[in-house]
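*Asks:* As given, the protein sequences belong to chains A and B, one line each in that order.
Mapping to our numbering: the first sequence position 79 is 79, numbers consecutive.
Mapping to our numbering: the second sequence position 426 is 426, numbers consecutive.
Since the hints were derived computationally from the structure, they do not count as laboratory data.
Treat each hint with caution, since some may be false.
Residues from chain A shown here face chain B by an in silico Cβ test under 7 angstroms; the list is partial [as the list claims (entries may be wrong)]:
1. 157
2. 168
3. 213
If you want the ones that stay clear, here's a sample from chain B, every Cβ over 12 angstroms from chain A, calculated [to be verified]:
4. 72
5. 142
6. 146
7. 147
8. 258
9. 298
10. 351
11. 370
12. 383
13. 396
14. 431
15. 438
16. 448
17. 458
18. 462
No experiment lies behind these values; they were computed from the predicted model shown.
For every residue, glycine included, the Cβ atom is placed at its ideal position computed from N, Cα and C.
Residues per chain are reported as follows:
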Amino acid sequence: MTGATAQGVALGAGALLLTAVLLVWRPSARSAARLLALQGAALAVLVLTLGLAEGDAELVAVAGLVLAVKALLVPWAIASTSARLPAGTTPGRSPGAGLLWAAVLTTVAFVASRPIVAASGETGGAVPVGLSLVLIGFLVMLGRRDALAQLVGFVVVDNGIATVAFLTTGGVPLVVELGVTLDVVLVVLILRILVHRIQDTFGGTDLVDLQELAD
Amino acid sequence: MDLLARLARIAPTATATTLLAAGVGLVAVTTGGDRTLWAAGGLLRVDALSAYLLLVVGAVALTATWGGLGPPREPHTEVRFSGLLVLFLGAMTLTLLADNLGVMWVGIEGTTIATAFLVGHHGGRAAVEAAWKYVVLGSVGIAIAFLGLVLLYAATAATGEPTLSWRTLMAHPDLIDPGLGRLALALAVLGLATKAGLAPMHSWLPDAHSQAPAQVSALMSGVLLSVAFYGILRLQAISDLALGPELMRVMLVGGGLLSLTVAAALMVAQRDYKRLLAYSSTEHMGILAIGAGIGGPLALAAVLLHMLGHGLAKSTLFVVAGRILADRGSTRIDHVQGLLADRPALAWPFLAGMGTLLGFPPGALFFTEVAILFAGWQQGLGWVSLTTAGLLVVIFAVLARHTLVMTLGGGTRAAKGPRAVAEAGRWAATLPLAAALVAASAVGFAPAVQPVLESALTALAGVR
Numbered sequence: 001m002t003g004a005t006a007q008g009v010a011l012g013a014g015a016l017l018l019t020a021v022l023l024v025w026r027p028s029a030r031s032a033a034r035l036l037a038l039q040g041a042a043l044a045v046l047v048l049t050l051g052l053a054e055g056d057a058e059l060v061a062v063a064g065l066v067l068a069v070k071a072l073l074v075p076w077a078i079a080s081t082s083a084r085l086p087a088g089t090t091p092g093r094s095p096g097a098g099l100l101w102a103a104v105l106t107t108v109a110f111v112a113s114r115p116i117v118a119a120s121g122e123t124g125g126a127v128p129v130g131l132s133l134v135l136i137g138f139l140v141m142l143g144r145r146d147a148l149a150q151l152v153g154f155v156v157v158d159n160g161i162a163t164v165a166f167l168t169t170g171g172v173p174l175v176v177e178l179g180v181t182l183d184v185v186l187v188v189l190i191l192r193i194l195v196h197r198i199q200d201t202f203g204g205t206d207l208v209d210l211q212e213l214a215d
Numbered sequence: 001m002d003l004l005a006r007l008a009r010i011a012p013t014a015t016a017t018t019l020l021a022a023g024v025g026l027v028a029v030t031t032g033g034d035r036t037l038w039a040a041g042g043l044l045r046v047d048a049l050s051a052y053l054l055l056v057v058g059a060v061a062l063t064a065t066w067g068g069l070g071p072p073r074e075p076h077t078e079v080r081f082s083g084l085l086v087l088f089l090g091a092m093t094l095t096l097l098a099d100n101l102g103v104m105w106v107g108i109e110g111t112t113i114a115t116a117f118l119v120g121h122h123g124g125r126a127a128v129e130a131a132w133k134y135v136v137l138g139s140v141g142i143a144i145a146f147l148g149l150v151l152l153y154a155a156t157a158a159t160g161e162p163t164l165s166w167r168t169l170m171a172h173p174d175l176i177d178p179g180l181g182r183l184a185l186a187l188a189v190l191g192l193a194t195k196a197g198l199a200p201m202h203s204w205l206p207d208a209h210s211q212a213p214a215q216v217s218a219l220m221s222g223v224l225l226s227v228a229f230y231g232i233l234r235l236q237a238i239s240d241l242a243l244g245p246e247l248m249r250v251m252l253v254g255g256g257l258l259s260l261t262v263a264a265a266l267m268v269a270q271r272d273y274k275r276l277l278a279y280s281s282t283e284h285m286g287i288l289a290i291g292a293g294i295g296g297p298l299a300l301a302a303v304l305l306h307m308l309g310h311g312l313a314k315s316t317l318f319v320v321a322g323r324i325l326a327d328r329g330s331t332r333i334d335h336v337q338g339l340l341a342d343r344p345a346l347a348w349p350f351l352a353g354m355g356t357l358l359g360f361p362p363g364a365l366f367f368t369e370v371a372i373l374f375a376g377w378q379q380g381l382g383w384v385s386l387t388t389a390g391l392l393v394v395i396f397a398v399l400a401r402h403t404l405v406m407t408l409g410g411g412t413r414a415a416k417g418p419r420a421v422a423e424a425g426r427w428a429a430t431l432p433l434a435a436a437l438v439a440a441s442a443v444g445f446a447p448a449v450q451p452v453l454e455s456a457l458t459a460l461a462g463v464r
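Taking the hints into account, I'd like the entire structure generated from these sequences.
*Replies:* Structure (structure tokens):
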């Protein structure tokens, strides 16, 4: 791995982790959309670096796809939804506790990904970042009982899995990548419509109000 | 009603019929000779197992779509509803035909996408809530499964040519790095178990399956759960070869027993008959998991037959439940008392379906459940068989009591109306349901069934 490649991977991975932690710290919907755009761009940089390093034209094309979907389309969907919602509907837990949890989860991710790092190539060293994103995404989903926050958390989980895939094997086969990307975009758009329905039906996106169905 | 809406109305039934015919044809082609058909550069294939599952999907889908054909909707709604149903059937077909595990994943996630708006179709607070839980939990579960597949892909990378092809992985299980493969397969099965409605990841299921329209509930409970479980069977086959049977046995038997326990506990005090049927699906997925965990030809053949028998019985029951709801305007068990006296054309199919589901002979579920319990005993897992049998007895008692309350209990509450006319129409509509239940009994006796199941198991073992 050349110095430029190592720097590109480190830059991308660092930006991914930083944006995830900031998402826990600044949970408002508007800043979430911006941070997700940055995170998507960081992932695209990572994929582009790997593609250029291996001279893999397919991977370079996938970097463009990642940029279009994860840095533009998905953040746009979330930003346009948050614009429809009244401001300040998402009180969260204290930012300090969230950051503490993020630190714990990142440590867990570094420990848990040892078998992955051992089994993958030289870019595998950054794999724990991907696993951290997955765990932090779950934290965002579980932490606040708010529909939009769960949507944001889901996107972070997905970014984390994509990071693991690109760092371990340079991504899944292209046809699978295309299918997965399409599925994820559709799920995000469906969740966005459901957030609107929850807002219209319940007068807010607080999931504590969803109490119709229980045993 | 315009032409497009009229076409849309019959499109799901036509698709189901086509799938059933294709399933029967492909079963005939693949049975006996270990034949596998390939397409799309090796991404898609039909072996005896996928052919059999295609037959199951077709048979259950025909019951659900034909039997569940309600009154005509608004043209616009009709087109959208039917379009999503056809897409749903297509996604399940892709899941069954994919050899590449990544493509299989895309198909399973496609079922969530197609059904997201079907679950919330009726609108209202409960439907929106059910749809939200369904899509969020389903997508998270399936995301975990994808992480597992990504890691499985990485676990084969050391050999130079990473792969997600099921056939290649089965032919060369030594390609898989054991440490990483263990984590990968455990995560993938955990994720698919969410879609299969196994405890402890089942919490979305009773909400989604009780809120969805009858046709959709019938398809989701009757066959979508089994399609997700089919994915687990494929992964288990790889795991058993590469890592030995212990990992999957612990996961599946544990998840299965927990599913039976949770289902039994939540059925006892259940007041909603659609939720009752939904929990029964978690129960039956638990039986499948226990059967697969026990393993061996007897238990696995029983698992495959159980998918068909349960699918036919459960889709029939959800269709009848939809008709009862339309008649009584309530999903509460105590609002439906005395069905046998008031609405015999609803009560009889309900009783017959419930009898099949409860495992009365000659229904296939009697034989499959006995076979799974017996196989457990044979494999030295007597405690699993005993615990399962105990939980099944509890569930039998609970379901039988609720069924008796609905059909026999209480006084008549029926609204008087043009009753004879409505009853005649209802009897005519029981034809697809009767056909499904007769089939659910006949498969236990048909001599052609044994070679079909044997071929499917040969395909699952990866022997060619």
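*Asks:* Please name the hints from earlier in the document that this structure breaks, with their numbers sorted from lowest to highest.
*Replies:* Of the numbered hints given earlier, those the structure breaks are 5, 6, 7, listed in rising order.
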